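Engineer: Here is how the chains run, residue by residue.
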Amino acid sequence: MNDPDEKTEKQTAIRAALVELTIEGLLTRWPQTAVVFHQHNMACVGCAVASFYTITEAASVYGLSAEQLLDELVASISLA
Amino acid sequence: MQEVVQQCALLAGLTLAEQEVVLENGRFYQIPQGTYFFHQGEEAETLYLITDGQVKLSQVNESGAQVILNYFGPGNGLGIIVALSTMPYPLSAEAVEACEAIAWHRDTMKSLMLRYPQLALNGLEMIAGRFVSLQERFNDLATRQVEQRVARALLRLVRQFGKRVEQGVMIDIVLSRQNLAEMTGTNLYQVSRILSKWEKAGVVALQRQTVILCKAHELVVIGEDL
Numbered sequence: 001m002n003d004p005d006e007k008t009e010k011q012t013a014i015r016a017a018l019v020e021l022t023i024e025g026l027l028t029r030w031p032q033t034a035v036v037f038h039q040h041n042m043a044c045v046g047c048a049v050a051s052f053y054t055i056t057e058a059a060s061v062y063g064l065s066a067e068q069l070l071d072e073l074v075a076s077i078s079l080a
Numbered sequence: 081m082q083e084v085v086q087q088c089a090l091l092a093g094l095t096l097a098e099q100e101v102v103l104e105n106g107r108f109y110q111i112p113q114g115t116y117f118f119h120q121g122e123e124a125e126t127l128y129l130i131t132d133g134q135v136k137l138s139q140v141n142e143s144g145a146q147v148i149l150n151y152f153g154p155g156n157g158l159g160i161i162v163a164l165s166t167m168p169y170p171l172s173a174e175a176v177e178a179c180e181a182i183a184w185h186r187d188t189m190k191s192l193m194l195r196y197p198q199l200a201l202n203g204l205e206m207i208a209g210r211f212v213s214l215q216e217r218f219n220d221l222a223t224r225q226v227e228q229r230v231a232r233a234l235l236r237l238v239r240q241f242g243k244r245v246e247q248g249v250m251i252d253i254v255l256s257r258q259n260l261a262e263m264t265g266t267n268l269y270q271v272s273r274i275l276s277k278w279e280k281a282g283v284v285a286l287q288r289q290t291v292i293l294c295k296a297h298e299l300v301v302i303g304e305d306l
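These protein sequence lines are chains A and B, in that order.
Sequential numbering from 1 applies to the first sequence in the numbering used here.
Sequential numbering from 81 applies to the second sequence in the numbering used here.
No false leads were slipped in.
Okay, the calculated beta carbon distance ranges per label pair: (1) B:Thr115 - A:Glu57: 37 to 47 Å; (2) A:Lys10 - B:Asn267: 51 to 61 Å; (3) B:Arg195 - A:Glu57: 45 to 55 Å.
Heads up, simulated DMTMM-like pairs for lysine to aspartate or glutamate below, C-alpha to C-alpha not over 25 Å straight-line: (4) B:Lys280 - A:Glu57; (5) B:Lys280 - B:Glu227; (6) B:Lys295 - B:Glu216; (7) B:Lys295 - B:Glu246; (8) B:Lys243 - A:Glu20; (9) B:Lys295 - A:Glu57; (10) B:Lys295 - A:Glu20; (11) B:Lys243 - A:Glu57; (12) B:Lys243 - B:Glu180; (13) B:Lys295 - A:Glu24; (14) B:Lys295 - A:Glu67; (15) B:Lys243 - A:Glu24.
If you are wondering where the hints come from, they were derived from the structure by calculation, not from laboratory data.
What you are looking at is a predicted structure, and each value in this text was computed from that prediction instead of being measured.
Just so you know, even glycine gets a beta-carbon here, dropped at the ideal spot from N, CA and C.
Given only the sequences and the hints, what does the whole structure look like? Please build it.
Structural biologist: Next comes the structure, spelled out in structure tokens:
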């Protein structure tokens with residue numbers, strides 16, 4: 001049941017979905033990801049332009065690595 | 081238009097059949113650009129649901145100074161308060177572009193609300209939302225600097241009317257510097273000074289009739305005191 005490969009596959013799928021999403025899309029679908037933004041002191045939750053920008057763009061605005069941010073978001077989603 | 085109607089806050093939670101009854105009791109209403117749905121102080125008997133176009137809500141004081149309270153677009157209600165009170169229209173609603181709407185007489189809407197309590201609750205919720213947003217605006221005027229107020233006005237507008245373009249996010253309404261001044265309790269000179277400063281810093285790009293937010297995050301930093 002808890003085949004580690006299967007989990008990785010699921011995570012890869014989530015990650016691929018995240019790249020396409022806007023911040024608002026992400027927070028609507030997976031509200032638990034809000035905590036990741038708070039941990040980085042990002043003002044994305046409730047931001048006026050959250051529906052216009054992607055996670056990658058938000059990472060770049062805050063000078064963060066998009067790869068790392070995506071990893072953390074995937075992890076917070078997979079916890080559920 | 082159907083999509084706008086089905087997703088609007090006024091009709092939320094009603095079944096399709098109930099929505100149909102409400103719509104059938106209204107009438108289709110069209111007005112050209114530059115004309116008014118109603119004027120401040122007029123006796124109020126009609127309320128509207130905007131289905132197309134943009135509307136500017138403003139008030140004028142005795143000395144002729146104009147204040148812009150809001151801009152509304154498809155899905156927003158106009159004069160919802162008419163159904164719940166007998167006061168005259170508290171402000172003027174101008175069609176900034178040609179508009180389409182559904183209009184109800186006060187008495188019709190009242191009987192519909194009694195028939196479908198959800199409709200009345202929706203109306204209250206819409207008014208509650210406006211009330212909260214006016215409290216925020218009051219707070220802005222009382223406590224924020226002009227530059228912050230302009231940033232916050234742009235962020236409010238982008239939330240309502242933002243459209244992603246190559247350079248950033250465009251506010252997709254006709255918005256002059258004078259309009260921005262009238263929304264933020266300041267004057268044309270101040271707004272021009274602030275916008276020019278932001279333009280030089282690459283935060284905004286100024287178009288003839290509107291503004292593009294190129295670095296929206298910078299405006300959030302200014303507006304929210306981050």
